[in-house]
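K.L.:
Chains A and B, in that order, are what the protein sequence lines are. In terms of my numbering, the first sequence opens at residue 1 and continues consecutively. In terms of my numbering, the second sequence opens at residue 1 and continues consecutively.
Certain hints may be false.
[To be verified] Dumping the calculated SDA-like pairs for lysine to any residue here, alpha-carbon to alpha-carbon at most 20 Å:
{"#": "1", "chain 1": "B", "residue 1": "160", "chain 2": "A", "residue 2": "13"}
{"#": "2", "chain 1": "A", "residue 1": "137", "chain 2": "B", "residue 2": "563"}
{"#": "3", "chain 1": "B", "residue 1": "160", "chain 2": "A", "residue 2": "128"}
{"#": "4", "chain 1": "B", "residue 1": "160", "chain 2": "A", "residue 2": "110"}
{"#": "5", "chain 1": "B", "residue 1": "160", "chain 2": "A", "residue 2": "177"}
{"#": "6", "chain 1": "B", "residue 1": "259", "chain 2": "A", "residue 2": "117"}
{"#": "7", "chain 1": "B", "residue 1": "259", "chain 2": "A", "residue 2": "7"}
{"#": "8", "chain 1": "B", "residue 1": "160", "chain 2": "B", "residue 2": "563"}
{"#": "9", "chain 1": "A", "residue 1": "137", "chain 2": "B", "residue 2": "564"}
{"#": "10", "chain 1": "A", "residue 1": "137", "chain 2": "B", "residue 2": "643"}
{"#": "11", "chain 1": "B", "residue 1": "259", "chain 2": "A", "residue 2": "121"}
{"#": "12", "chain 1": "A", "residue 1": "137", "chain 2": "B", "residue 2": "562"}
{"#": "13", "chain 1": "A", "residue 1": "137", "chain 2": "B", "residue 2": "617"}
Just so you know, the hints here were simulated from the structure itself, not pulled from any lab data.
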Amino acid sequence: MADQPQFRSSVTNPVATPAGAPALTDESSLTKVSVRARVGASPLGVDFTRTDRRDGVLIAGIRPDEWLLLGAGAGVEALLAGTEFDGSVNRIDVTHSRLCLRLSGVCSASALEKVCSLDFDDTMFPDGATGSASVAKVSSDLIRDDQDGEPSYLILADRSFGQYLYDAIHDTTTEFSSAWPSS
Amino acid sequence: MIRRLEPRSGEVIDRATPLKFTWNSKKHIGYAGDTIVSALLANNESVFSRSMKYHRRRGVLTADYWDPNTMVQVGTEPNVRGAHRLLEADMLVSAQNAWPSLDFDVKAANGLFGRFLTAGFYYKTFIKPQRLWPAYEKVLARFAPGGVVDLNTPHGYHDKRYCHPDVVVAGGGPAGLAAAISAAQAGMNVMLVEHNHHLGGHLRWGTDEDRAVADELEATARMAGVEILTDSTVTGRYDDNWIAVSQRNHPGVVERLIKARAKILVVAPGLIERPYVFAGNDLPGVMLSGAARRLINMYAVRPGNRGVVLTANADGDAAVVDLERAGVEIAAVLDARAGETISKASGSSRHLNSVTLLDGSTVKADLLVTAVGWTAPTSLLNMAGDRPCYSPKAARFFSTALPDNVIATGGIVGDGRLDELIAHGASSGELAAERAAAVKHRLRSTVTRAQTPEGPEPPMPADHRDGLCKAPHPELYRSDTHGMVDFSEDVGSKDLLSAAAEGFDSVELLKRFTTATMGPSQGKLETVNTVAVLGEARGESIEEVGTTVWRPPYAPISLGALAGRVFEPVRVSSLHEWHTANNMKPILAGQWIRPDHYGDPAAEVTNVRTNVGIIDVTPLGKLDLRGPDVPRLLNLLYTNEWSKLPVGRVRYGMMCAEDGVVADDGVTGRLGEDHYLMTTTSSGAGQIWQWAEMWLQTEHPDWQVHVTPVTTGYTSINIAGPRSRDLLTRLVDDVDLSPVAFEYMNVRSGTIAGVADCFMWRIGFTGELSFEIHVPAGFGLHVWEQLIEKGADLGVGPFGLEAQRIMRLEKGHFIVGQDTDGLTKAPTTGLTPLIRLDKADFAGKPELEWSLGAGAPELPVLVAIRPTDPQLVPDEACQILRKGTAEIVGRITSSRFSPTLGRSVCLGQVTPEFAAAGTEITVRLCDGSDTTATVMQHHAHFDPEGVRLRG
Chain A
1 MADQPQFRSS VTNPVATPAG APALTDESSL TKVSVRARVG ASPLGVDFTR TDRRDGVLIA
61 GIRPDEWLLL GAGAGVEALL AGTEFDGSVN RIDVTHSRLC LRLSGVCSAS ALEKVCSLDF
121 DDTMFPDGAT GSASVAKVSS DLIRDDQDGE PSYLILADRS FGQYLYDAIH DTTTEFSSAW
181 PSS
Chain B
1 MIRRLEPRSG EVIDRATPLK FTWNSKKHIG YAGDTIVSAL LANNESVFSR SMKYHRRRGV
61 LTADYWDPNT MVQVGTEPNV RGAHRLLEAD MLVSAQNAWP SLDFDVKAAN GLFGRFLTAG
121 FYYKTFIKPQ RLWPAYEKVL ARFAPGGVVD LNTPHGYHDK RYCHPDVVVA GGGPAGLAAA
181 ISAAQAGMNV MLVEHNHHLG GHLRWGTDED RAVADELEAT ARMAGVEILT DSTVTGRYDD
241 NWIAVSQRNH PGVVERLIKA RAKILVVAPG LIERPYVFAG NDLPGVMLSG AARRLINMYA
301 VRPGNRGVVL TANADGDAAV VDLERAGVEI AAVLDARAGE TISKASGSSR HLNSVTLLDG
361 STVKADLLVT AVGWTAPTSL LNMAGDRPCY SPKAARFFST ALPDNVIATG GIVGDGRLDE
421 LIAHGASSGE LAAERAAAVK HRLRSTVTRA QTPEGPEPPM PADHRDGLCK APHPELYRSD
481 THGMVDFSED VGSKDLLSAA AEGFDSVELL KRFTTATMGP SQGKLETVNT VAVLGEARGE
541 SIEEVGTTVW RPPYAPISLG ALAGRVFEPV RVSSLHEWHT ANNMKPILAG QWIRPDHYGD
601 PAAEVTNVRT NVGIIDVTPL GKLDLRGPDV PRLLNLLYTN EWSKLPVGRV RYGMMCAEDG
661 VVADDGVTGR LGEDHYLMTT TSSGAGQIWQ WAEMWLQTEH PDWQVHVTPV TTGYTSINIA
721 GPRSRDLLTR LVDDVDLSPV AFEYMNVRSG TIAGVADCFM WRIGFTGELS FEIHVPAGFG
781 LHVWEQLIEK GADLGVGPFG LEAQRIMRLE KGHFIVGQDT DGLTKAPTTG LTPLIRLDKA
841 DFAGKPELEW SLGAGAPELP VLVAIRPTDP QLVPDEACQI LRKGTAEIVG RITSSRFSPT
901 LGRSVCLGQV TPEFAAAGTE ITVRLCDGSD TTATVMQHHA HFDPEGVRLR G
């Protein structure tokens, strides 16, 4: 049999970021593993609504009983292999289920405010925090994962919304581009 | 521009930027910064509209957003507020509510019958005879006021934004600016919303010193980091300080609706000048002092040549000074504080000619300016639960009690010198900041993702601000003559008195009967006058009469802004691009865009029945179930037994709601010891996930089960047809697909076309030998293309939903939601053996026990139906009747023409009396004719023994 084919994202038509606008990138090809445990348990030592990064793998407490691991496949596998779980913990690979977009830049919170009702103030949604909300009417998980000192948000949603959600978020960023008309 | 004044220090127009525009096809020139009306006035145009009912000529009244007389049509946009909208180059402006022209309006004949057109005229006159209403309606529609809507106008880019400012300040006058500055300087995130184009409120049309103060406040606010929105309105305040803001000047968008969740709302709207009621008060040339001063000081327009001023306050006095500076001859100044007033205004209907005083003497004038007091726009306070109270001393309403998260400041609170107003605003901003900090502390303590605040939650700070006084002001509402009260709705004081005499003497009833206060001004100009006139009728004071409750919106908002950007999420599978490139005829199934067919659904059926077809069934709901208690969950959700499903086997199940009604169905396979994959109907995927979670989280939190939706994690493809095994065998080499090794209703995992971790089920909705494969979605397109490529010699082809529907109907498989409805209980489906009442429990069991017990009402029965005319396909939902009667005994639930059988095939629900095989039934068709059909023995029209399916 042939080698495993190349992963195809559900964002089939990405477009260039307008100059000056927050950058929207598709990170759907990252390996994503959902770790499920009892409510109140902390199998990875990360609390609900918080994140941690270990050996390049982002661990996000996205629900009281669910943690999401994001990273390169080998890194995620190594982290899982090196962690002892009791019998009540389940691991489900959701790489193919979950779309993953990253919105980065100084105006990224302002752009998100156009499609999401969460409070993105630094004190309410600091770097390393997670939340769940509707983004352009799509149920999504949001993770603040700043990069190079600039705000950066991961937006995870059902794969099937890929191009729609990409287009909706991209549209929010255009207002912050240098080409947008000024008052 | 013959009425344009020489350059003035406070003008907001840019004389270096002239703008050409047309008014009723006549060319004019204005300046950037002009409003439409100021530019027209500068060009000596003084009539801008016809009134709503009597079609009286109307000129400028307030020269701001609230002016009821200056609604115009701009291009294809109707009902533009001409005294607010800024002039743009090449604007096409025209009058509305006049025909054939503004100057000669045929509908002005209404004025001749004005005495008969009192409030309630239409209700009373056109109510009978009822049969003539359609005719009345056509005629009356021609008299409807407003501009012309062009249905071809493209939907502009309307935007929406959510935000969470610490403090929202509604109003950018001196008090509002001061409040915003002090709150921002205290470290708060402040949004300042100003209704007009410029900050500073009344300072903008005041003296040079006033403007200097406004400029300084504005500069300080900007430096303090206040987010300033001009030409924007706080349109509503809802529970928990949910603030709606309409932003009309955001670049690049038509209008933006901001949904702000403010910790504290500071209400500082200032005051709105009130008209005076007297005969002729709506003649062009009669205006309020604020209008005259705005026109002179901001737009450098002389409002008239010879003026009379009625003044009851310092603003009226200032108007006299401004008019004189503008070269207007002051014919008379009447001081209401000394008991002087006017009786009526007279003119030619085109313009004012003279003013009659109380003693009967007349003064010739083309301009009458009144300054008789203010209305406190308490709308936002009303929305916060306040019921303002009238002060006869100050002749206006004041707030009584506000919640902690709403603070009022400025003219709406009281009177004072400019420095006192600013000081009150500043102390209000400080209070807002302190309270916002307390709210913020509480929010950060309760929102787990937030940074944990330091220290205990501070108490909500008390209000220790120094108050503002209530300066005495004469109560001036109506003179000794009758005049217009509501300029928007053409409701006069006489109309109000007649309505009160008819019994509509409660202010709420009066408002609704006469429509006073219900026009575009939304009561800002006319509410208090309405109450005052009603007080006259009742012989009571304004305080005793009370007032109506102002509700959102504070100012009208466009439907486009409310609609905002259009978010209609759509879902597609990983094969969507292939479908699109291969002649897919799409169908919208919920949010999913799916292939209905690829050009010829009948041919697709035939190909599946003879060769092999593949269909994209990705939307099929899929739930990953893990844990030792999964069988307990399955036993709870399904009606049948799940305790002993072996690994590698698949079982069909039906789910019911608590009332025994069929909720969903599907198959679940056991992939490992504690690992199952449940499939649901495509439309039921989300609902069943929630259903499962509801049981687990509320009733059985002790069960060890994790449910994870993986619907789109797998691209699901059904390979159906007698050659399906041959095709799949070419792509799989780690699973034995032979009939013996891989029996019907089994599941295997393996590698397909090089893609590992795929699942294969042997099930068949089409009635053919088929394999349903579930491939990790990122590789779905690869596998699909491989199936097409490797199966070319087998005749493989794609088929869509329509072909699938035909084949499942040939096979007699029902669809939940199509062949069942919200009342269909499980026994109706004929799957009674799957209802295991001997189980300890399952959702719907009590109801089904009762339904299947003795004495329960008989339930309908789902049956296969064969029309007598083989070519006739009754529409779905056609009624089934008792022969020779109109008694409904059932309905057709599904129907298609079967290309396999060469005849029509149906499923339907009938009462048990008609369910026996061979029963002849009557079907009433949509055209009203009847046809006959026969009830069949099996649900399956095709291969009832299932030989092909199990092949």
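K.L.:
Could you run down the list of hints and mark each one as holding or not?
P.N.:
Verification of the supplied hints:
1. B:160 <-> A:13: This hinted pair is violated, its Cα atoms lying about 25 Å apart.
2. A:137 <-> B:563: holds, 14 Å
3. B:160 <-> A:128: violated, 27 Å
4. B:160 <-> A:110: At roughly 12 Å apart (the allowed maximum being 20 Å), residue 110 of chain A and residue 160 of chain B satisfy the hint.
5. B:160 <-> A:177: Roughly 18 Å between the alpha carbons, so the hint for residue 160 of chain B and residue 177 of chain A holds.
6. B:259 <-> A:117: Since the Cα atoms of residue 259 of chain B and residue 117 of chain A sit roughly 8 Å apart, the hinted pair holds (cutoff 20 Å).
7. B:259 <-> A:7: violated, 39 Å
8. B:160 <-> B:563: Status holds; Cα separation ~9 Å.
9. A:137 <-> B:564: Status holds; Cα separation ~13 Å.
10. A:137 <-> B:643: Status violated; Cα separation ~39 Å.
11. B:259 <-> A:121: OK: residue 259 of chain B and residue 121 of chain A at ~15 Å, within 20 Å.
12. A:137 <-> B:562: Cα-Cα ~16 Å, so holds.
13. A:137 <-> B:617: violated, 24 Å
Hint check: violations occur at hints 1, 3, 7, 10, 13; the rest are consistent with the structure.
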